[in-house]
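One line per chain: the protein sequences are A and B, in this order. In this text, residue positions in the first sequence follow UniProt numbering: the first is 1, and each later residue adds one. In this text, residue positions in the second sequence follow UniProt numbering: the first is 1, and each later residue adds one.
No lab work stands behind these hints: they were computed from the structure. Where a beta carbon is used, it is the ideal one built from N, C-alpha and C, also for glycine. Honestly, I wouldn't trust all of these hints.
[What the hints assert, rightly or not] Per the computed footprint, the stretches of chain A lying under chain B, defined by three or more beta-carbons under 8 Å from a beta-carbon of chain B, are: (1) 40 to 50; (2) 53 to 63; (3) 82 to 91.
2 protein chains.
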Amino acid sequence: MSTGHPDTLHTDAHKEGGDPAVCSALSLIAAGALSGFAWLADDAANAPDLTSRMLLSRMAARELAPLDPVQAYQREIGMDEAAVEEQIWSYRALLADLEARTVPRDWWERLISTYIGFGLVLDLQRELVAGMSGRPAAIAQEALADSGLGDFVVERLAPAVAQEQQLAARLALWGRRVVGEGLGMASRLVSEHRELAVLAGIVPEGTEVSAEVLSPTMGRLTSEHARRMGRLGLTA
Amino acid sequence: MSTGHPDTLHTDAHKEGGDPAVCSALSLIAAGALSGFAWLADDAANAPDLTSRMLLSRMAARELAPLDPVQAYQREIGMDEAAVEEQIWSYRALLADLEARTVPRDWWERLISTYIGFGLVLDLQRELVAGMSGRPAAIAQEALADSGLGDFVVERLAPAVAQEQQLAARLALWGRRVVGEGLGMASRLVSEHRELAVLAGIVPEGTEVSAEVLSPTMGRLTSEHARRMGRLGLTA
Chain A
1 MSTGHPDTLH TDAHKEGGDP AVCSALSLIA AGALSGFAWL ADDAANAPDL
51 TSRMLLSRMA ARELAPLDPV QAYQREIGMD EAAVEEQIWS YRALLADLEA
101 RTVPRDWWER LISTYIGFGL VLDLQRELVA GMSGRPAAIA QEALADSGLG
151 DFVVERLAPA VAQEQQLAAR LALWGRRVVG EGLGMASRLV SEHRELAVLA
201 GIVPEGTEVS AEVLSPTMGR LTSEHARRMG RLGLTA
Chain B
1 MSTGHPDTLH TDAHKEGGDP AVCSALSLIA AGALSGFAWL ADDAANAPDL
51 TSRMLLSRMA ARELAPLDPV QAYQREIGMD EAAVEEQIWS YRALLADLEA
101 RTVPRDWWER LISTYIGFGL VLDLQRELVA GMSGRPAAIA QEALADSGLG
151 DFVVERLAPA VAQEQQLAAR LALWGRRVVG EGLGMASRLV SEHRELAVLA
201 GIVPEGTEVS AEVLSPTMGR LTSEHARRMG RLGLTA
C-alpha cells in the first residue's frame with residue numbers, strides 16, 4: 001500500500017486525499033454507489049420477468065463495489081468521519097431527488113428513466129472526477145466503468161420502440177422530461193459543490209459558477225443524452 | 001464437480017436434483033434470495049442514517065449469493081429452464097405478498113417487519129429444505145445461514161423499546177400482526193407446494209396437508225418468533 005516510510009504516506013495524503021476537493025469527489029462516488037444500488041434495486045423489484053429481475057438485482061449489487069475502496073482511502077488519509085458521512089448523505093439526497101422527480105408510469109418509462117437519468121448521473125460524476133490523479137482517480141474510474149446497463153436497456157427497448165410509433169412518441173417525450181430534470185440536478189449539484197467544479201477544471205479558480213461557465217459541461221451531458229436516445233431510435 | 005464418469009452424474013441427478021421436490025426446494029431458495037434482496041434494499045432505501053443504509057445495502061447484495069450455485073446446479077441436472085423460471089416466479093410472488101401485507105408506518109415498524117417477517121421467511125425455508133442431502137442441502141444451508149440481520153435489528157431496536165413504553169406496546173402489537181400474516185403465508189405456501197412438505201417430512205406421503213398436520217411446524221415457527229420478540233424485550 002504505502003511505500004513503507006510513514007512520511008511518504010503522509011505526504012501522499014496531503015497532496016491527494018488531504019485535498020478537500022478530492023475527498024468531496026470520493027464522497028460523491030460513494031453516494032453515487034448507494035444511489036445506483038437503490039435505483040437499480042427499485043427497477044429490479046418492478047421487472048416484469050425473472051431474467052430482467054435477476055440481471056438488475058445483480059447489477060444493483062455490483063454498484064456497491066466502490067464503497068470499500070472509497071471508505072478505506074478516506075480512513076487511511078484520516079478524514080473526519082462525521083464530515084464524510086454528512087457529505088455522502090447530502091450528495092445522496094441530491095441524486096435521489098432526480099429519481100423522485102421522474103417516477104415512471106410503466107416499465108418502458110422506467111427503462112428510459114434509468115437509461116437516461118442514471119446514465120446522466122454517471123456522466124456527471126465522470127465530469128467531476130476528471131481532475132483527480134493517483135489512487136483516488138483509479139477508484140473513481142473503476143466505479144464509473146460501463147456496467148452493461150445501457151446495452152441491457154437498448155436490447156429491450158429498441159425493438160418495442162421500432163414496432164410501436166405511439167410508444168416511441170411517448171418515450172421521446174419522457175426522455176426529454178428526464179434529461180431536463182437531470183440537467184437541473186447537475187447544475188444544482190455543481191453550484192452547491194464548487195470545489196468539485198474547480199477540481200475538474202470546469203470552473204476556473206476565483207470564478208463564480210454560472211450558466212455560461214457550465215455550458216460546455218452541460219453541452220457534453222446533452223450530447224451523451226442524444227447519443228443514448230439515438231441508440232433507441234428516438235429523437236433527443 | 002462430478003466424479004468423472006458421466007453415468008455417475010446422471011445417477012446423482014436422478015437421485016437428488018432430478019427429484020422434482022428437490023428442484024422445487026432450490027427454486028424456493030432462489031426466490032428467497034430475490035425476495036430477501038428486494039426486502040433489505042427497500043429497508044436500506046428507507047434507512048434514517050448512512051451507517052444503517054450502507055449495512056442494509058450490503059446485506060441486501062449478499063442475499064443474492066445463492067443464485068449462482070442454485071442456477072448452476074439446476075442447469076447441470078438438466079432441469080427444464082422454463083419450468084424453473086415459473087417455479088421461482090411463483091414462489092417469489094408468495095413471499096413478496098407478505099411484505100405487501102405488512103407495510104410499516106415508520107422505521108421502527110420497518111425493523112420489526114424485517115426481523116419478524118423476513119426472519120419467518122428464512123425459518124420456513126429452513127423447515128422445507130430439511131429433507132435434502134448432498135449438494136442441494138449444502139447450497140440451501142449456505143443460503144440460509146445467519147447473516148447478522150437479527151443482531152443489527154436488536155442492537156437498534158432494543159434500547160428504543162426499553163426506553164419508551166408506548167413504542168414497546170405499539171411494536172408488540174405490530175409484531176403480532178406481522179407474525180400472523182407470516183404464518184398465513186407459510187401455510188398457503190406449504191399447501192400449494194405439497195411436494196416440499198413431503199420432502200421435509202412435514203406431511204407423510206399420501207396424507208392431505210391440514211392444519212393438524214402442519215401444527216408442529218407452525219409451532220416451531222411460532223417459538224422462533226417468540227424468541228425474537230424476547231430478544232427485543234417484547235411479548236410475542
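- prompt: Going through the earlier hints one by one, which of them does the structure break, listed in rising order?
  reply: none
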